[in-house]
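Residue numbers (my numbering), protein chains in the order written: chain A, 67 to 217; chain B, 67 to 217; chain C, 427 to 507; chain D, 427 to 507.
These are computed hints drawn from the structure, not numbers from a lab.
From a predicted model like this one, the values you see are computed outputs, not experimental measurements.
We put the beta carbon where it would ideally sit given N, CA and C, even for glycine.
Careful, some of the hints might be misleading.
Unchecked claim - With a straight-line cut-off of 30 Å between C-alpha atoms, the simulated DSSO-like cross-links for lysine-lysine are:
hint: 1; chain 1: A; residue 1: K185; chain 2: D; residue 2: K471
hint: 2; chain 1: B; residue 1: K184; chain 2: C; residue 2: K469
hint: 3; chain 1: B; residue 1: K185; chain 2: C; residue 2: K471
hint: 4; chain 1: D; residue 1: K430; chain 2: A; residue 2: K186
hint: 5; chain 1: B; residue 1: K130; chain 2: B; residue 2: K185
hint: 6; chain 1: B; residue 1: K185; chain 2: C; residue 2: K430
hint: 7; chain 1: B; residue 1: K68; chain 2: B; residue 2: K186
hint: 8; chain 1: C; residue 1: K430; chain 2: B; residue 2: K68
hint: 9; chain 1: D; residue 1: K469; chain 2: D; residue 2: K430
hint: 10; chain 1: C; residue 1: K471; chain 2: B; residue 2: K184
hint: 11; chain 1: A; residue 1: K184; chain 2: D; residue 2: K469
hint: 12; chain 1: A; residue 1: K186; chain 2: D; residue 2: K469
hint: 13; chain 1: C; residue 1: K430; chain 2: B; residue 2: K186
hint: 14; chain 1: A; residue 1: K184; chain 2: D; residue 2: K430
hint: 15; chain 1: B; residue 1: K68; chain 2: B; residue 2: K184
hint: 16; chain 1: A; residue 1: K68; chain 2: D; residue 2: K469
hint: 17; chain 1: D; residue 1: K471; chain 2: A; residue 2: K184
hint: 18; chain 1: A; residue 1: K185; chain 2: D; residue 2: K430
hint: 19; chain 1: B; residue 1: K186; chain 2: C; residue 2: K469
hint: 20; chain 1: C; residue 1: K430; chain 2: B; residue 2: K130
hint: 21; chain 1: B; residue 1: K185; chain 2: C; residue 2: K469
hint: 22; chain 1: B; residue 1: K68; chain 2: B; residue 2: K185
hint: 23; chain 1: A; residue 1: K185; chain 2: D; residue 2: K469
hint: 24; chain 1: A; residue 1: K130; chain 2: A; residue 2: K184
hint: 25; chain 1: A; residue 1: K130; chain 2: D; residue 2: K430
hint: 26; chain 1: C; residue 1: K430; chain 2: C; residue 2: K469
hint: 27; chain 1: A; residue 1: K184; chain 2: A; residue 2: K68
Unchecked claim - Some chain A residues near chain D, calculated using beta-carbon distances under 8 Å:
hint: 28; residue: N116
hint: 29; residue: E118
hint: 30; residue: A122
hint: 31; residue: M135
hint: 32; residue: R138
hint: 33; residue: H148
hint: 34; residue: L160
hint: 35; residue: I180
hint: 36; residue: M183
hint: 37; residue: K185
hint: 38; residue: K186
hint: 39; residue: I189
hint: 40; residue: K191
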Amino acid sequence: MKRSLTITRDPIDESDLIQGRDLSSEAGAAITFSGIVRGTEDAAAIDGINYEAHEAMARHQFEKLFEAMETRWPIESIRLIHRIGPVRVSEPSLWVEVIAGHRGEAFAACQWLIDEMKKKVPIWKHPMLPESHRLRRSRSDPNPGSRPSRG
Amino acid sequence: MKRSLTITRDPIDESDLIQGRDLSSEAGAAITFSGIVRGTEDAAAIDGINYEAHEAMARHQFEKLFEAMETRWPIESIRLIHRIGPVRVSEPSLWVEVIAGHRGEAFAACQWLIDEMKKKVPIWKHPMLPESHRLRRSRSDPNPGSRPSRG
Amino acid sequence: MRIKVTFYSYFRELAGTETVSLDCTESCLLGELVTQVQDRFPKLKSMDRSTLIAVGLEYQDRSYSLQPGDEVSLFPPVQGG
Amino acid sequence: MRIKVTFYSYFRELAGTETVSLDCTESCLLGELVTQVQDRFPKLKSMDRSTLIAVGLEYQDRSYSLQPGDEVSLFPPVQGG
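Let's have the full structure, built from the sequences with the hints guiding it.
And the structure:
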């Protein structure tokens with residue numbers, strides 16, 4: 067199984083990633099998942115999300131998930147990119163591509179990987195509140211937006 | 067739910083489709099599925115697949131599936147392209163994009179749509195045998211590659 | 427009345443033609459028409475259990491009553507994707 | 427021995443610091459160290475049930491025996507994606 071893991075502060079260029087796709091002649095299904103920052107968090111409007119990672123541990127945990135994925139499904143290739151730092155609304159924070167011979171295994175592996183990463187990979191979200199909101203709250207709460215959220 | 071359906075003889079430009087993606091601020095998950103022509107069909111090497119459609123009926127059946135999908139899941143957008151005519155190995159014959167608020171509904175709807183189209187949409191595959199194979203078989207079988215295959 | 431039948435995929439090759447027009451009585455059943463087709467093109471008879479039938483743009487079963495102007499399509503299991 | 431503890435996400439804000447170094451006896455249990463941390467930073471105590479604990483790059487439970495050089499991370503549930 068080919069593997070590519072990127073944790074980066076740069077924007078994710080999905081179009082460019084697709085152009086760099088590398089298929090064997092036995093590839094029959096390619097699935098991509100883009101996790102996109104929504105404009106609200108816990109019913110409040112936000113400007114984006116600032117992602118924080120324990121980066122060395124995140125890499126290690128992603129690699130362990132790739133290992134486990136490989137033992138469970140016949141996957142040709144996995145590419146995963148997670149952005150850290152500020153990501154604005156409507157931009158992807160996560161991009162996953164799974165290529166396999168058939169769609170059943172590609173869908174199963176892709177969903178499993180995302181579910182597992184949301185339990186195991188040490189990355190956290192800090193909602194970025196709109197400017198007006200930050201000014202209004204600045205006296206009563208020095209750390210808006212860093213408490214638990216539904217994700 | 068925004069809908070876009072294309073049945074075309076032109077190659078599918080996935081990169082270009084991604085660049086044309088249109089998201090609301092509540093979109094949290096975008097899934098794409100590419101169905102790619104594999105290099106073998108029933109264990110025999112092929113050059114590609116020639117897709118045939120009952121095009122008017124295919125459009126109608128796709129639209130009915132979109133209707134049903136919309137009643138079952140909160141989907142923001144569906145785009146689907148199916149190529150007809152000859153499609154060479156490693157090229158996509160089908161491209162599906164589902165955009166929704168959350169990944170659960172996007173994955174469920176995308177898989178359901180593909181499963182259903184494989185039962186309902188009148189499109190058929192005719193494997194394109196390699197030149198050498200065609201010449202060898204040409205006397206005994208005037209129509210190689212058009213019989214039932216596993217799909 | 428006269429009903430036009432179109433064959434798709436390898437049904438076209440088994441029939442040796444793309445279309446055929448057959449006579450049936452008004453409101454005759456779709457199943458009766460299919461039997462007529464199979465009698466005329468015996469290679470299609472062995473495919474009976476995997477034959478899909480549409481009238482216009484919709485699938486129909488054999489109990490459907492044909493109307494003037496209906497166009498019938500016969501084809502093997504679909505294989506899109 | 428001295429063990430370095432690093433806080434992530436809002437645990438850092440609850441502790442008011444990013445890292446702390448604490449003394450414990452050789453082979454002391456990870457759970458004992460976590461209790462020491464919570465005694466020192468009481469706001470973390472209320473988060474006890476949702477606290478995730480790693481040593482180096484691996485998750486460990488509280489029965490793990492700490493060794494010299496181990497680096498401990500404490501953080502709330504992860505939220506990637």
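Worksheet item: Holds or violated: B:K185 with C:K471, Cα cutoff 30 Å?
Response: Answer holds: B:K185 to C:K471 is near 22 Å, not above 30 Å.
Discussion item. Checking one constraint from the list: CA of B:K130 to CA of B:K185, max 30 Å. Satisfied?
Written reply: Between B:K130 and B:K185 the Cα gap is close to 13 Å, so the pair holds against 30 Å.
Discussion item. Is the interface hint satisfied for A:E118? The criterion is a beta-carbon contact with chain D at less than 8 Å.
Written reply: holds, 6 Å
Fill in: chain D contact restraint on A:I180 - CB to CB distance below 8 Å
Interface hint status for A:I180: holds (6 Å vs cutoff 8 Å).
Worksheet item: Minimum Cβ distance from A:N116 to chain D below 8 Å?
Response: Hint on A:N116: violated, closest Cβ of chain D at ~11 Å, above 8 Å.
Worksheet item: A:K185 and D:K471: Cα distance at most 30 Å?
Response: It holds: about 22 Å lies between the C-alpha atoms, which stays within 30 Å.
Worksheet entry | Hinted pair C:K471 and B:K184, Cα distance within 30 Å | holds, 24 Å
Worksheet item: Within a Cα-Cα threshold of 30 Å, do C:K430 and C:K469 meet the stated pairing?
Response: holds, 19 Å
Fill in: Distance restraint between B:K186 and C:K469, which requires alpha-carbon spacing of 30 Å or less
Measuring from Cα to Cα gives roughly 24 Å; hence the hint holds.
Item to complete: Below or equal to 30 Å on CA atoms is what counts here, so check D:K469 against D:K430.
Response: With Cα atoms ~19 Å apart, D:K469 and D:K430 stay inside 30 Å; holds.
Fill in: B:K68 paired with B:K184 [C-alpha distance capped at 30 Å]
holds, 22 Å
Worksheet item: Taken at face value, is the distance from the CA of A:K68 to the CA of A:K184 at most 30 Å?
Response: holds, 22 Å
Hint violations for this structure: numbers 8, 16, 28, 31 and 32, all remaining hints satisfied.
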